[in-house]
Amino acid sequence: MKRGQLESPIQWIIALLGGIALLGMLLFGVKSCASSGQDQLDAGAARSTATVINTQAWQPNTNSTIQVAPLHVMCPAGTLSLAVVDNSGTPTTTYPIDRSPVFLPAKLQSTMRATTTDLKLARSPVQVRYGSVLYLSDPTVNYYVIQNEQGQLQDQQLKNMLPLVTTQRALAIKEGEKAVVISFDDPRGPDMSQSKTPASLVWIRVSGSGVERQATIYKYENKNWKQQGIVAVPNDVFLAGAIITQDPTLYQCSLQAVAKRTRYVTQIMQLRLEDLAAKGVCKEPLQRTALLFKELHSAQQPENYLSILFSDTYTKRLSAQQSALLQQGCPVIA
Amino acid sequence: MKKGQLQALEPILAVIIIAIILVIGFIYVVKISTNESVQDEMLSAENEDTATLTMLSAMPELACASDIKEKNCIDLEKAKLFSQLLKTPSGRSYYASLFGKRDIIITYFDIEKKQENTIVLFDYEAQGASIGSRTYFTAHDAATKNMHFAILSIKRFS
Chain A
1 MKRGQLESPI QWIIALLGGI ALLGMLLFGV KSCASSGQDQ LDAGAARSTA TVINTQAWQP
61 NTNSTIQVAP LHVMCPAGTL SLAVVDNSGT PTTTYPIDRS PVFLPAKLQS TMRATTTDLK
121 LARSPVQVRY GSVLYLSDPT VNYYVIQNEQ GQLQDQQLKN MLPLVTTQRA LAIKEGEKAV
181 VISFDDPRGP DMSQSKTPAS LVWIRVSGSG VERQATIYKY ENKNWKQQGI VAVPNDVFLA
241 GAIITQDPTL YQCSLQAVAK RTRYVTQIMQ LRLEDLAAKG VCKEPLQRTA LLFKELHSAQ
301 QPENYLSILF SDTYTKRLSA QQSALLQQGC PVIA
Chain B
335 MKKGQLQALE PILAVIIIAI ILVIGFIYVV KISTNESVQD EMLSAENEDT ATLTMLSAMP
395 ELACASDIKE KNCIDLEKAK LFSQLLKTPS GRSYYASLFG KRDIIITYFD IEKKQENTIV
455 LFDYEAQGAS IGSRTYFTAH DAATKNMHFA ILSIKRFS
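Going down the list, the protein sequences come from chains A and B.
Using the working numbering, the first residue of the first sequence is number 1, and each one after it goes up by one.
Using the working numbering, the first residue of the second sequence is number 335, and each one after it goes up by one.
Possibly wrong hints are sitting among the right ones.
Far from chain B, by Cβ distances over 10 Å, these chain A residues were calculated [said to hold, decoys possible]:
1) S48
2) Q267
3) Y305
4) K316
Interface residues of chain A toward chain B, partial, derived using beta-carbon atoms under 8 Å [to be verified]:
5) L22
6) C33
7) Q40
8) T51
9) P96
10) G131
11) V265
12) D275
13) V281
14) P285
15) V332
Listed below are the simulated DSSO-like cross-link pairs for lysine-lysine, each with C-alpha atoms no more than 27 Å apart in a straight line [as the list claims (entries may be wrong)]:
16) A/K279 / B/K403
17) B/K479 / A/K279
18) B/K421 / A/K260
19) A/K107 / A/K260
20) A/K316 / B/K403
21) A/K294 / B/K365
Honestly, the hints are just simulated from the structure, not real lab data.
We put the CB at the ideal spot given by N, CA and C, even for glycine.
Please work from the sequences and hints to get the whole structure.
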């Protein structure tokens, strides 16, 4: 073989190897771009959903359907977050939403029902509003309340927060239905003998009263009720939260977020009363009311803080102060 | 260079030319997609500005008390205290993620005193180009019981 004849195939082999290397590099570049684009898309979806939540959270009397990204809701390191998860369920992107008072289930659907309710003093004839709480509920989930012995729904207020349907203890759940069943002061679980196999079924058993009220969350698995946990539900606003989240961890996470935000709000209320009193406006009544808030802020744990805030004793005292301020023509608490 | 040598280099030259074309094509595609994502980002930031104004208008940290029947009302006492809270490390770190890269300013006009007053609610502490949005409010002074015309404005930094 001559030298010229040998050189040409070697050049072709070099060209081929160069071509393969080039193609590999390009594919790598395209893949990196696509992956970073997907990351950006995920982050964008989480951010815009968080914006929707933050905006809706403080709007009073919201009752609408909103479009959101179908994200997961998690609580990494105690921070309520939206998350994009991979096939193994590991979060790849998370976005915190712990600055907003919101209760939402573990998985968002692209269409969610958004309802807000006032966060105010329980059983108070006088309005002292601390803001509002947002519920994002899955519109495909049915919410049933088991009628009690008297045949009436005990918590009428709940009906305004959730689309509740009253039912008997013997449920008639349809095949593939997603449902949450709520029962009051009844240790017996719902009777499933007339029901078909649901896609998901959660039973919330409410017991106790006032700030001592608790909700025990059960999941229906393999024809058995499996207890998930017990949570404190100091008033209907929080009970509705437990019903929406259907999960003790997510509920606690949202509860902490609500408590933290409400604490800032009540701090501003206290300082406002103190400032106005210092300016000589209704000095004594405002100072007295500010002292009540001081007492409230001495509670360190979020659960304690909310328990005091919504306790009957505290509510009565704060409510009496608000009435007195109104009668005297003074600036009111909120 | 002899004809034979040139012929031998032909495959390598072909690969180089194809490589150049592919790289130019790749850069072009990346540029277009970056441009699109910048436009998306701008649109999303504008929507977020509107959302921030809507959120601020309903925040209980600013809203007037229930004895004031005025809609879209800011309590000036609360606004001043809230701006102080936002200057503390804990308050700032808590609310910063809600407000983003934005300055939030309340301007209210005292007709009696013929004065324009400003409360810097949140200072992002950035310099440079910014885009502004605003909305109008009634500001209530609980100490004097006076109502004022107010502007809530935000400046977004890129």
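Verification of the hints:
1. The Cβ of A/S48 does not lie farther than 10 Å from every Cβ of chain B; its closest approach is about 6 Å, which violates its non-interface assignment.
2. Once the 10 Å rule is applied to beta carbons, A/Q267 is inconsistent with being away from chain B; the minimum gap is 7 Å.
3. Non-interface status of A/Y305 relative to chain B is upheld: no Cβ of that chain comes within 10 Å, the nearest being about 15 Å off.
4. Residue-level check passed: A/K316 sits 18 Å from the nearest beta carbon of chain B, beyond 10 Å.
5. Checking A/L22 against chain B by beta carbon gives a least distance of about 5 Å; that is within 8 Å, so the hint holds.
6. Contact between A/C33 and chain B, as hinted, is supported at the beta carbon level, the nearest pair being about 6 Å apart and thus within 8 Å.
7. A hinted interface residue such as A/Q40 counts as satisfied when its beta carbon comes closer than 8 Å to some beta carbon of chain B; here the least separation is about 6 Å, so the hint holds.
8. With its C-beta approaching chain B no nearer than about 5 Å, A/T51 sits inside the 8 Å limit, and its interface hint holds.
9. The criterion of a C-beta within 8 Å of any C-beta in chain B is met by A/P96, whose closest approach is roughly 6 Å, and the hint holds.
10. For A/G131, the interface hint holds, since its Cβ comes within 8 Å of a Cβ in chain B; the closest pair sits about 4 Å apart.
11. Using the Cβ-Cβ criterion of 8 Å, the hint placing A/V265 at the interface with chain B is satisfied: the shortest such distance is roughly 5 Å.
12. Against a cut-off of 8 Å between C-beta atoms, the interface hint on A/D275 holds, since the closest Cβ of chain B lies about 6 Å away.
13. The restraint placing A/V281 at the interface with chain B holds, with a minimum CB-CB distance near 5 Å, inside the 8 Å limit.
14. Given the 8 Å rule on beta carbons, the hint for A/P285 is violated: about 13 Å separates it from the nearest Cβ of chain B.
15. A hinted interface residue such as A/V332 counts as satisfied when its beta carbon comes closer than 8 Å to some beta carbon of chain B; here the least separation is about 5 Å, so the hint holds.
16. This hinted pair checks out: A/K279 and B/K403 have alpha carbons roughly 24 Å apart, not beyond 27 Å.
17. Between B/K479 and A/K279 the CA atoms are separated by roughly 13 Å; this keeps the pair inside 27 Å, and the hint holds.
18. Between B/K421 and A/K260 the alpha-carbon distance is near 18 Å, which keeps this suggested pair within the 27 Å criterion.
19. Taking the CA atoms of A/K107 and A/K260, the gap is about 24 Å. The hint holds against a cut of 27 Å.
20. Taking the CA atoms of A/K316 and B/K403, the gap is near 24 Å; set against the 27 Å cutoff, the hint holds.
21. Distance hint between A/K294 and B/K365 is unfulfilled; the C-alpha atoms sit about 58 Å from each other, more than 27 Å.
When the structure is compared with the earlier hints, violations turn up for hints 1, 2, 14 and 21 and for no others.
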